[in-house]
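Visitor: Keeping the supplied structure of chain A fixed, place chain B upon it in accordance with the hints.
Going down the list, the protein sequences come from chains A and B. Per the working numbering, the very first residue in the first sequence carries number 1; after that it's consecutive. Per the working numbering, the very first residue in the second sequence carries number 1; after that it's consecutive.
Rather than coming from a laboratory, the hints here were simulated on the basis of the structure. Hints are all accurate, no fakes.
Derived pair list, reagent style DMTMM-like, types lysine to aspartate or glutamate, alpha-carbon separation capped at 20 Å:
hint, chain 1, residue 1, chain 2, residue 2
1, B, 96, A, 120
2, A, 291, A, 259
3, A, 192, B, 70
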Amino acid sequence: MRGALRGRGRGRAAMATFFGEVVAAPSRAGVDDDEEEAAGEALEETPEDREIRRRVEEKREVAVRWALPAGEAAPGVAPEPLPCSRFVVAVGHNAAAFLSSFILDSTCWEVVGAVKLWNEWCRTSNTTNVLPTDSFCLFYRLISDPTVLLCQCSCYVAEDQQFQWLEKVFGHIRKEGLQVTILSTCPVADYKTQESTLTLPSPFLKALKTKEFKEQVCCPLLEQPNIVRDLPAAVLSYCQVWQIPAVLYQCYTDVIKLDTVTIEAFKPLLSSETLKNLVKDVSESTKSLKKLLTTNENHNNIYI
Amino acid sequence: MFVPCEGGGPDLQGFTLLMPAVSVGNVGQLAIDLVISTLRMTKIGYFYTDCLVPMVGNNPYATSNENSVELSINAEVYSLPSKKLVVLQIRSPFIKNKYRPFCQALLSWVESSKCARVILLSSSHAYQRDDEQLLGTPLRYLLTPALEKAVGGHMQELKWKEMEKIAAYPGINDAEKVLHIPGGGITKLLFTESCSKGIQMAVLLKFCSEGDNIPDAFALVNYLNEWLQLIKSKGSHSTDISPEQEIPDTSSQWKIPSSWRLLFGNGLPPALF
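Isolated chain B (complex conformation):
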């Protein structure tokens, strides 16, 4: 359930909810970190749930000693009212058998808070691509029927590739196609639930493998930016954006949060050499 930091809670009617799936390479979560850090979003509440492994730490987006002592937990909500954007960040894996309860709790919050649409950032195992998927862009999108009507055309203009369906029984019956997102965590479940509830949801995902997934996160967040225009990308001509809107300086691009230090372990013991 959503618990606001203070007061009765903000009005999220008409907002876009951006959230990650806990998926291969944690790419969605890394991309969300970049969005929150770059847009300097404010924390407005927590998503209190028994579905995620508990964890706490100090402010992952700290920029100074003063703001470094704010406690963060495993699922928090940030907002940027000027862009009608609300972001849910998930920082730990799901507990066994808790996918479905989490999806239900999340979608029920989406409906009760009257968010306009949900954008899910995710990833899928690169090694499970078929021959055609090995060529061209590793980025894909999916739209629920409710959102297809609104933005389907825009996706065509952007020349984005829709996530292909695969045969349910390969080699036996190629006619029946199903959606298969290996390594995508709750992506498929959340997407199919949104379809059946008529919720406007888009999934943006990247094919990747475990490893240094920082470049994958940048690719995914730039993909998102092509659509949402959260920051001015290099070489773009956005003359229709008014001066009042807060768009960070082009030269800074996406800001890496301070918590991305030491992603691959500590310093080496001197006795090794």
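Just chain A, with the same shape it has in the complex:
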């Protein structure tokens, strides 16, 4: 797409390395020389360029489908926002699998929504009958208390899609009396500490909370200079700005794939106010975890 956009071609920033090859100079500030040109020349875009840009934006649009109850309003009319007291969002395969193993089951919970999106890293699955290793984003509601909502988001939401996800999901949820819990994982190598990360007993949990969140947190708070990014950060930022009580539990782990040790690292949350009444039977949880292990093994096997 870039090739189609005409630029004045001022030339890329370049530098020579010790070996004599010329490479593009990266910048920590994330500034792209092309961005500067594009910003200045957006007005000079041809209709062709505009059309290409529009089509790419359309392809990257985040669509949220909510299941309408029987006898709902006519098509074209926006559905009523869902009343919600607790909203638990699990971002990433391990966090999603934690909810599957310890909370979710087909008798107590029903699917009420799904996100459809595409980006360079993933495309969401079209079915609600998903495997733990699939890319999906589904919303569940507790049948006995419809104000309790759960979201499993194991697809990667790109940075230009995160705001859309936020606005479309939270736009459909009533904020009065709402409390949000976010679960997510990230590599332990990203954790900044005085010691080396090799000596840290991973996986471990750290928390961040908004100003309005007054409950007890289940683990130590995340110390500066550590930060959280991506969708979990977008959700927590939204809650902080709009004064919604929210807590984020980040699990630092050295395993990037689906892993039972990482999943079990979230267990302290099962005694929290939000989750303690939603926990499944212990035997059910053990069965779910075992099933997870076998599914995972099959998918990880590259040999026939």
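Guide: Frame of chain A, contents of chain B only:
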């Protein structure tokens, strides 16, 4: 858009808005960190926008266990009413194609809140300097026409150097000059937009390269201080400052925030040796 921490929002009429450009070496942002940390500024709100990559963390200016648990996001606003100063700190890069929408949102907030002027701290690639720029000070300034009338003379007194324009088509036509700030992020766009909207804006920038940019941040913030006199610099004779104004102790100078720890990575694994 600006969202206040509480209530209807503060009155920023007549205030100076100080903000960084996300630019080479993050120098503007580091300098802003020093200003907020040293002047112990209070957070008054957030700049809620879809133009910046989301991020959260605990209070980067924490001085004790009590104030370390306040959550911070990617764009926040701080103020110091005694100096009529409001500061916007930006903590993450821009999302692709979002420069222009951000500039529009920011300038529209500047106009609606009736800020008197904007000062943008920025930086530019040192390796793109021409022969003349290689000599002398690496610090430069720019003023929009609206601000030139008010403070242009003061810049002359301070003996500051204005950012030079370069030839639009070097070697072919040296007469046509344009402003070029490589590595400056939104600096040029924000500056040209402010010129056309008649907003009083100053850009203070430093030529630098990626690396340990802490010294660059100190140089830039001292440059700013020559003009705004936010803190008493060593050896200055500020007898005209009244005792009521809060100016921190000279000996402390600029205070490095607690979040600047571990800028270059973790401790080393003992197994390495």
